[in-house]
Structure formats: C-alpha cells, structure tokens
Amino acid sequence: MKADVHHYDLAENFVFSDKARKSIFIILALGIVFFVIGLVMVTMGGGHEGHDHALAGNGDFITTAGGEGGHDHGHAYHWTSRLKVTLWHNSLFFLGIAVIGIFFTAIQYAAHAGWSALIKRVPEAFGSFVPYAGVVLLAVFFWGGHEIFHWTDASLYDPKSEHYDEIMVGKQGFLNTGVFLTLTVLFIGGWFAFWYAIRNNSKAEDVEGGTKRFWRMKVLATLFIIFFAVSSSVSAWLWVMSIDSHWFSTMFGWYNFASYFVAGLATITLAVIYLHEAGYLKALNENHLHDLGKFVFAFSIFWSYIWFSQFLLIYYANISEETVYFWERLRSPIYGKFVFINLFLNFVFPFLSLMTRDAKRKTIILKIVCYAVIVGHWIDFWLMITPGTLKENGGLGFLEIGLAMIYAAAFAFVVANALTKAPLIARNHPMMQESLHHNI
Amino acid sequence: MQIVSEVREPLVIGGKTIKDVTNDISRPIEAAPPRDWFAAMFVSVLLLGTGGYFLGDMLWNGIGRWGLNKTVQWAWDITNFVWWVGIGHAGTLISAVLLLFRQKWRTSINRAAEAMTIFAVICAAFWPVVHMGRPWLVYWPLPLPNTYGSLWVNFNSPLLWDVFAISTYFSVSLVFWYIGLIPDFATIRDRATTKWPKLMYGLLSFGWTGGARTWMHYESVSLILAGLSTPLVLSVHTIVSFDFATSVIPGWHTTIFPPYFVAGAIFSGFAMVLTLMLVTRKVYRLESYITMEHIEMMNIIIIVTGSIVGIAYTTEFFIAWYSGVEYEQYAFINRATGPYWWSYWAMMTCNVISPQLFWFKPIRTSLVWTFVLSIVVNIGMWFERFVIIVTSLHRDYLPSSWAYFTPTMWDIMCYAFTFGLFFTLFFMFAKFFPVINMAEVKAVLKESSSKNYRARRTITEEPLPPLTVPVVEEKTAH
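Chains A and B, in that order, give the protein sequences. The letter at position 183 of the first sequence is residue 183 when you use the working numbering, and the numbering goes up by one with no holes. Quick note: to get the working numbering, add 1000 to the position in the second sequence (first position is 1).
Everything labelled a hint here was simulated from the structure, so no lab data went into it. Hints should not be assumed to be uniformly reliable.
[To be verified] Here are a few chain A residues that face chain B, going by a calculated C-beta distance under 10 Å:
| # | residue |
| --- | --- |
| 1 | W215 |
| 2 | T250 |
| 3 | Y255 |
| 4 | Q310 |
| 5 | E322 |
| 6 | M431 |
Because the structure is a prediction, the values reported are computed rather than measured. Ideal placement from N, C-alpha and C gives every residue a C-beta, glycine not left out.
Can you make the complete structure from the sequences, with help from the hints?
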C-alpha cells in the first residue's frame, strides 16, 4: 500500500522583517525606560517597599539561610547591589531558556519523537543565546559576585576574624572562586559546544539528506543529555543554591531544572505560535500545538510536584536549618505574597486552563498561559535569588521588570537572527512526514 | 492516514497477519499446559507452601520471630514492601504513561506488565498487613467511624497516606488491566469449542460485542484511566518515599527522595518486566511480537532511570558533605564504610555501575545480557531499600543502642512466601489469560508488521524500497 503524502512547500526561510524588528525594539525601548525609572527610584531611595518592616517576625529566630546570623556584617546595602542581583537573576533565567532549547532538541532525538520534526528549528535556534547570556553572567559575577554570594567573603574563613564561620569553612572545597569559575566556564562552554555541533549537524542534513545525520544526531543528543544531567544540577547548586550559603536541599538541582524546563517549553510554544501567525510553518496544525500544550501542562505539574515535595518535606521535618529558607520568604512582607503568586501562576493557572483538550489546541489560550508561566518562573527565580542577597531591601519593581524586558528583547533578537541562518523547516528530517501527518 | 518513518523499526515482525495474532496468542490458553508450566507452577506452589508455613508460625507466635531488635525496628519487612511496590510501577507506567505519549511499542508488553504490577502490589500490601502482627485488625488503618470514642487514624502520618495511595493505585490498575482484557476474553470466548471455557470467558468478557460503539467506549475509557493512573503511579512511590523523608533520621530526611524513589521504582519495575517477558517470550514463542526492538527500548528506559538514580545517590552524598550536618555526613560515610558496607557496594554495583553496560548496543540487544542484568538490577534495588532503611537505623543518635540486624529464617521464608505468591499468580495468568493484548497489537499491525513496513514511503521523493519479507533474526538467542 502506498502512503499518500501531503505536498507542503517545505522550503521556508525566515526573514527577520522590519515589523518584527520594530516590535522587538519597542519592547527594548520600553524596557530601557522602565529600567532607567527603576534605577532613578533605587538611587533616590525609593522602591524600598519593605525597608521599615525589617522582618518583624524573625527576631527570635536563631539563624538565617545565608548564615549571617545576628551579625549583619560586611556589605551594607547599596543600590548597586539591587542592580547586580537583578542582572544575575535575568542572566540566569534567560540562559536557562536558551539551554532548554538545546535540551528539548536533544530529547526529541533521544526519544525518537516524530511529531516535533516540523518545529525543530525553533528550539534549536534558542541555543544561539547561550554565549551572550553566559558572558554577561560571568561579567556580573566579576562585578557583583561579592554582593551576590556571601561565601566570597574571605573573612568567613579567617579564624581570627569575628565573622569566622565553621560551616562555611566546611564548604570551602566547593564554594570558592576557582571552582566556581572553572565549572561555570566548563558548563556554559560545554552547552555552547554541544549546541554548535548539533546545529551544524542539523544544517548538514538539509544539504545531504538521508538518515546518516539523524543517527549522528541521536548520539550527540544522548551525549548532551548526559552532560546536561550533571551540569544542570551542579550549576544550580553553584549559581543559585549557594546564595543562601548555609542552606541546602538535595532536590534543588531538579527544582531548578523543572523551573527552567517549563519556562523553556512555554517560550518554544510562543515562538512557534508567533512564527505561524507571521505566515511561517504553514504545515503546522493544532495537533502540534496540542503536543506543545501538553508539554507545558505536564511539566507545570511536574514543577509543582517538585516544589511541593521539597516544601512538604522541609515543613514536615521542621528542622530550623532547613525551614529558614521558607521562613525568610513566607514571613517577609516583601516576598511572602510572591510565594503564592508563584504557585498560582505556575501551578493553579496552567493546571486549570490547559486541562481540556480544546484549550491546548487554541493559540489564544496557549499564548495567555505561556506568558503567565514564563512570568511565573521568572518570579520563581527571583524568589530563589533575591531574599538571600538583598534581604529586606529587595523588591520587584521597574528595575527588575525593565531589565527582564531588555533581556527578552535581546533574546528574541538573537534567536530571530539565528532562525534566518538556516531554513525554517528541516526538510530532510527522516521524521518529517510523520510530523506533517501528526494527528492526535 | 498515519505515516511511519523509515528510521523506526517495525513493531511486529515475521509478516504476521491479524489471524496469526489471534492464533499465536490464544494457542497457549486453549492447549493443555506444557510440562515446563507444571514444573514452574510446582516450584512456585512449593515456595508458597514452605514460606506459608513460616508465615503461619510467625503470625501464631508473633513478630519476634523476625530478626528485628530495639534499634532496627524496620528491616526486611519494609524493605520487601518498598521493593514490591517499586516493581509494581512498570505496568501502569507502560500502560498509562506510554499511552499518553502515544508510544506504540507498548502494545505487546502492556498486558503482562500490568498483570505483574497487580501481583507485585498484592505482594507489597502483604507486608504492612503481616507487620501489624494482628492481621485480623487490618481495617484499623481505614478511617472508619467506630465505637472507641473519637479514635481516628492519624491523618498526619505518611503511613496512612500510603494506605490511601496504594489502595487507589491498586484499584485503578486493576480496572485498567481488566478493561484491556475484555476484548481479548471475547475473542477467546468466540473461539471456545467446549462448554466451560465458553461459559467462563463469556462471563469474563462482559458481553463484549466488538461493535464500533463498544470500541469507541473502550478507547475513551482507556484514555480516562490512563489520565487517572499517571498521577497515581507517581504518587504511590512519592508517598512511599515520604514514609522515610518526613522523618528526622539522617539518611532518610532528604528532599530529593520523592522523584528519586519514583525513578528507582520504574527502574526496578522495568527490570522485572524484562525478566518475566524474556521467559514468556521464549516459552510461548512470541519472538515476532516482543521483538529485539521492544527489549532494547526497555533497556534504554533502564539506563535512563538507573542513571537518574545514580545522580540522586551522588547528590545525596555530595549534599550531605556540603550541608555541614555531622549526623548526615556520618550516615553516608557509615553506609559506604560501616558494618553494612557490603550492602552499600552491592547496591552501587548492581544499580549504578552494571546498567551502564546497556550503553553498548551489542549488550542491550543481547537476550542473555538483558536477562542477567534485569535480575542484577532487581537485586540492586532490594539492596537500595535495605541500605536506606537498615543502615540509617542501626546506628541512631544514641551510640549505646547501636545494633546490627541479622535476618532469621522467618525473615527469609516470609520473603520467599511473597515470591511463591507472585509467581503462582503470574503462571496462572500466563496460562488462563492472553499474555499479549491481541486487540491492541492488531491495531498497530498494519503500520508495524514487517511485511507492510518495507512498503512505506517516508520522504516525498524517495524511491520505493523492494518488497521483501525479512527473516526473523535472533542474534544471540539461546
């Protein structure tokens, strides 16, 4: 029996139109305006929503997750700290989305998935942002590492100093600038190298055809997944968990990964929808959207599962060294409400709105949910990073939102540019006909 | 219509037709059992009987027959419980999660895997019941209105959550499995020529007609049950991990437990599926249905979940050091170098190191290697639970009460009893029920049988490959 084959024109090339550029620049301009307003506000001493409250409920508490105990020594708050922290937060968040693009591409190959062949150039392009975010991340570490990471304080390790901290001495083998920089460069460099290899292999398939490149891609994808399985956890300990330098949780690496993964999936979905609306990916139909929607839905639940498991186990065991992490967030007049906003945006909202089959097949619902989820996970990372660094001087205002918009514009610009560098549809992908006929 | 890419292997090989499927799979049910079956059944019943003797003796005389002591109050009992529950994960994962992921290769292994799940959960549920010491009070963990005043179960206890999780999981898995069996029972009923099978399979098949409407209902019920079972399959082992992780025992209280236990459960579940399927495949000559491709897929799931478990072990170890908590650090050092070092290294070797052999294609496509490693993995997963439970307990916060646990004959034989129970049930299943879901294999046959497979076109301009019937190849069989 012969299979009847649809004849779509698969020769699509993405053109980075003036219209698209304009939209991106508007976001960028707005972001810059917000950012400047935010800067003015923090330098003028505004935006200190919680300054006067200073953790009223925390007085009787013996320790903090950062380990600074009663002695709030060293870095007095200066407005640049807030700038450094938000730079760190945004660099990490968008670096994560970029890496998820590579990871998503890799799992499609490792799992032998057919449905996604049509859209595979989109997540693949995400990886192009890795070097930019990576360089900024390193620069922020050099500039603001001392404000972000309590463990960079040399006096902690000096027995003569009043800040001497035995616990931190115990961690010194891992938490030191040498290990931090080596691993950071290794991970970001590794991700970029894998992306480069995957991308080249993928482009070569367009020219050569056949299945040789597919099988090679499978090997590359598997190797990347192994590398990512280790690097995602270790980088989460280094870049995020070590901010609250006394605190620890074995779940933390997977929790970070879950947050990244949902944000990345939502970004992929949005990018696919916008490309389709701009007249590209003509063969895309609601079955592909349905699968993307399922991914966002399923992994939102996965994130909630991880979040809840971590919370419940710490809450239930009630060991003060561990509960302090949630205590600092839930009891804070600044952060408390965001814990619930975080749970609403990342669990309740996607769970309820993407529950039905129809919802996953409608672009408008997907768009709303994906934006909500991206904002939600951005807040999730903000909640991981800010309380430990800025304490009660933190905030979520024009500065943070403006910088996020600048990053979003930069991300969109770099990814759109990368999309122009290769045909938008990998026409020789051996799964292409499966993807075109995808029907669920 | 559905198009299948050339890079996919066929799911059914040997050029089977729909009729062949029915014949091949109904044959063992209709024929008299072979001598091997009687031999296997004899061994199972023997285990059941001798294990049952020790079990009865233990119940009569009390839990003191086991080797538990005042420090190690939980040992083989709960280890076996977690081990069996873990094994009970693969079936529903295959039937539910793989259905949601539209993985068609599930069709020829889901039936036996689900049966195995149900029997494993029965063996698991056995442990908390006998561990009560007074199994006739088995209804006490249920929140029933009672005449003892305001005496209720402890809703704060993860052990109670376990009661709910496992009973729900068992019920839904059973229904899911049974719904899948109905069309096949109807097939056997229609083929039956004698009175009793006609009657029995007629009753079992609930008057299945095979009409379009019934199939429509079948499909939607399958999807609904898959949707229900997916959170359940994850919740069961999550809550089992809560039994330990909500405590403040070093080595137990760690936040990574829930997902790590789930991964470990899937790992051991797939290993057990492989052990059973390789035997069934050989005895019933099902090589065309459970192909090397299926075995390889399952082995890949074993590598993935085994590596996840390996990462979790390393994470626990690292964070114990990183935390600076002395008790936590000691618990892990004690695991690796203390009196139970041998069980720790048995776990590491069997669970983390040996499954890595499956990275090599010749190994993961070898029947002998697969069979051996599937058993190795299950030994490793038993040791994992033993290590977590016994090594964390045996040296508690008070060094004067440190103790060593040694199993008694009753520990061993009660465990043997559950093996007897498991295999007796499985062999009964293999004799009286179709071990492969005929209806669902037929549904993928058109796309997947190797005869049609070569005639598929995948890339638009590609020339048609020659139509040849490939020979069933068995590289390393026997």
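How the hints compare with the structure:
no.	hint	verdict
1	W215	8 Å, holds
2	T250	4 Å, holds
3	Y255	8 Å, holds
4	Q310	5 Å, holds
5	E322	8 Å, holds
6	M431	5 Å, holds
Hint check: no violations occur; every hint is consistent with the structure.
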